[in-house]
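So you can see what is in the structure, the chains are spelled out below.
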Amino acid sequence: MSTLLRARPVLHRRQLMLGAASLGAALATGIGRARAADTGITLQASWVNDAEFLGYFVAIDKGFYKSAGVGVTFLSGGPDVIPESSLLSGKANIALTTPDTTIEAIVKQGAGLKIIGTQFQKSPLAIISLASKPINTPQDLIGKTLAVPPVNEIMIKAFLKINKIDPSAVRIVPYAFDPTPLIKGEIDGTVDFATDVPYTVELSGKKAVSMLLYDYGVTLYNDTLVATDEVIKNNRQGVVNFLAASRLGWQENFKDTAVYPNAYKDTWFKGTGRATSNDLFSNNTEKPLIESPQGIFSMTEEGIQKNIDYLKLAGIPATREMFDTTLLAEVK
Amino acid sequence: MQRLARLGIFLAVWEAIGRWQLIGSGALPPPSAILVQFWADRAVYPAHVWATFWPAGIGFLIGDAAAILLAIAFVLVPVLERLLRGFNIAIFAIPPITLSPLLVVAFQGTTPQIVLAAVTVYFPTMIATLIGLREIDPRFADIIRAYGGGTFTILWRVRLRAALPSIMTGLRIAAPSAVLGAILAEFGSGSRWGLGSFLLGSMGQANPARLWGIGLCATALAACGYLVFSLLGALAAPGTAATTMAIRRDPAAEGGKTQGPLVVRLALMLASFLMPFLLWQGVLDLLQISPVIARGPLGVWRVLVTGFDAADERAALVAALEQSVPVSILGMAIGIGGAFVLALVTVVRPAVGRALMPPSLLLQTMPLVALTPLVVLVLGRGLTATLTIVFAVTFFPAFLVMAQGMANTPRAARDVIQVYGGGALQQIWLVGLPSSIPYLFAAARLVAPSALLGVITAEWLATGYGLGNLLNEARGELDYGMIWAVAFASVAVSVIFYLLVQAAETLINRRFFG
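If you read the sequences in order, they're chains G and L.
Okay, so the first sequence: first residue is 4 according to this note's numbering, each after it adds one.
Okay, so the second sequence: first residue is 183 according to this note's numbering, each after it adds one.
Next comes chain G alone, as it looks inside the complex (with noise of 0.2 Å):
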């Protein structure tokens, strides 16, 4: 177990004195300010350990990276925590995103970032719903409630809009990534990962049904890989490695997709709470997600138009520049 590579705590670099005390600033200099390590990959993830990253962690226990001549740190995400901050900060030099918040960072904060690639050639974002009231298809949710998480909020909106469905017909209220209230029928449905939630939901003895927003054209990728123009410029080869070994880690994982959940109940997932039922059952539900007939990662012209037009209609300016194709075809 390369246990080097794992984000821990940066003791040894952290000094920890007392400023000036005449001064009063208890703070010291250089305590463990962030910055990505200078010559490998500090990767940035978008949620808690779980299913959703094995690839990379199955990369690392494998030593895919390291037989690939580079060096990657992991950095967990979580609720509140926006992975593009890392990359502008230099705590990371790769991130997982959503395109539609780094595409609105890209111009509304002139940020130095491309999409080289993406795990989810599908957004596992779909909308939950019991299977005794189900919601099926956009029309379904006319009189309904939704709740939706105010970071998706503008992305319903859309997706009302595209569907021709009045917004004023469906009642949305704010979601905090908790189902409780839609296992009690508080509401009707939630917006959330088609991956993740319906385990929860049918752990509590209800069916659940899930509609893709991406089958009614909100036609975008998620977890998309993004890099600092910065690491593009100045390691290129370890990008394109990095991709290359991450490619091998996911393949790995979907050779069968029940090894790898048991496999790292104790080290990588260990503390989040989260059976390994759960994980076990959103590996099987992104496993058609994530592969695709052009290779794991890969972003066919037809794909990146199909963001951008979403993005447009969602009145976010993205363009064929943001998306930068050409390390992934660098991949042998």
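Bear in mind the hints are in silico, worked out from the structure with no lab data behind them.
Every residue gets a Cβ at the ideal spot worked out from N, C-alpha and C, and that includes glycine.
Any given hint could be a false lead.
Rough simulated footprint, nothing fancy, chain L against chain G, three-plus residues with beta-carbon under 8 Å [said to hold, decoys possible]: (1) 92–104; (2) 109–123.
Ranges between beta-carbon positions, derived for each pair [unchecked claim]: (3) G:K160 with L:A606: 55 to 61 Å; (4) L:R224 with G:K210: 56 to 62 Å; (5) G:E156 with L:L689: 43 to 49 Å; (6) L:W202 with G:G113: 55 to 61 Å.
Starting from the known structure of chain G, arrange chain L on it as the hints suggest.
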């Protein structure tokens, strides 16, 4: 025995409420279910507790060391205290949640937790140490001087010893704050371990029993810190341990009393005002924070005043303030008002005070702001949830300050009224009320920043309004200028409130007690 019986009844009622899902259709699980879940999770708790405890501990040490050293410096060089007065108030007024997003992008590992814990412990320890160092029996100092001792001998032989109980009181308040600071810095940090990370990560699992287990565990951790320093305080000063600290004394009115020519006083005031800004810029330069994230005072000025979209940014900030500030004031008014009424009751019914004091002390240590997810679970995402959080974070400290102050009312004063045939209401009106006014102000000053902190945290995690929501949106849009602007505006609001209360306090004190 009676207390055990009370606890038993409390648990039985809770169990019944949980069993029959009387609150929020199962949002409040029965204690037995929480215990079962806690047992099932026992393997992961130690690592989570440790990941919150040790940065909280390191931050506690750093912040308190700085606080004690500076308090000593203030006693030795009173003008220093005048100079740093603005800095002290600003540190006190910072709602930690507004620093958290900046710290988690600027630093990695546990550094954000350590810094936030240090920031939250600084003020209570500094002020308690200062009071302790100053309030010495002057006769001891006279003896030292008579034997040829100087300032340092007095400091070492008299002041520090006399200050020990007071320092312990400060540390006792600081210890739970350190836990709160460490947990708040876990929000949005993506760290795998820590009670805050565990709490947020567990929100999506439809498992209220686990959320409650984490919340109770965090409370126990904070309460332990409180109890340890209570015990040490009792050891340090046998027989003189006070129940809580009343931050009533104005640091300015104490040592560096306004003196000297007007020009010097004005210069000091100006310097004191500029100092927080200089230190702010200084820390950024010293730590060489990436310019993408860092904004100094001039940077925030650009965002809000001279930048190309300053008008939009300003409008967004003002709109957010208009949502958050009234809620903070309302919640605080309810909290302090309730505490005030209850404290008045304790004047005539001391038994009520004795019964309420221990639970209030414990509940005060609860890192409630960090447990917002629990409140949301029970009360939903409306105004009620926000007001409840603000009420809870303001009520207990306010009650403790006021009840303790009022307990000092001379018994003879009330006896006079009783002798003349006055009843309980008259006692309250003629004795309790006048003697409680100073404590009311002290409480208002003490809890104002917590009230704003409560509102912003609830807005961030649950309701999606006001400053908290703006902070969240700015994080999502990587708009660091706006994050700094929100942090600055929150501190400014707290400081303005602090100064207003202080001015009103001075005015009333002069009018009635001068």
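The hints, checked one at a time:
1. For the segment 92–104 of chain G, the stated coverage by chain L is satisfied: 4 residues place a CB nearer than 8 Å to a CB of that chain, which reaches the threshold of 3.
2. A stretch counts as covered by a chain when three or more of its residues have a beta carbon under 8 Å from one of that chain; for the segment 109–123 of chain G and chain L the count is 3, and the coverage holds.
3. The hint said 55 to 61 Å for the Cβ distance between G:K160 and L:A606, and at roughly 60 Å that hint holds.
4. Against the hinted window of 56 to 62 Å, the Cβ-Cβ separation of L:R224 and G:K210 comes to about 32 Å, which falls outside the hint.
5. The hint said 43 to 49 Å for the Cβ distance between G:E156 and L:L689, and at roughly 47 Å that hint holds.
6. Under the hint 55 to 61 Å, the C-beta atoms of L:W202 and G:G113, about 57 Å apart, fit the expected range.
The earlier numbered hint that this structure contradicts is number 4, and it is the only one.
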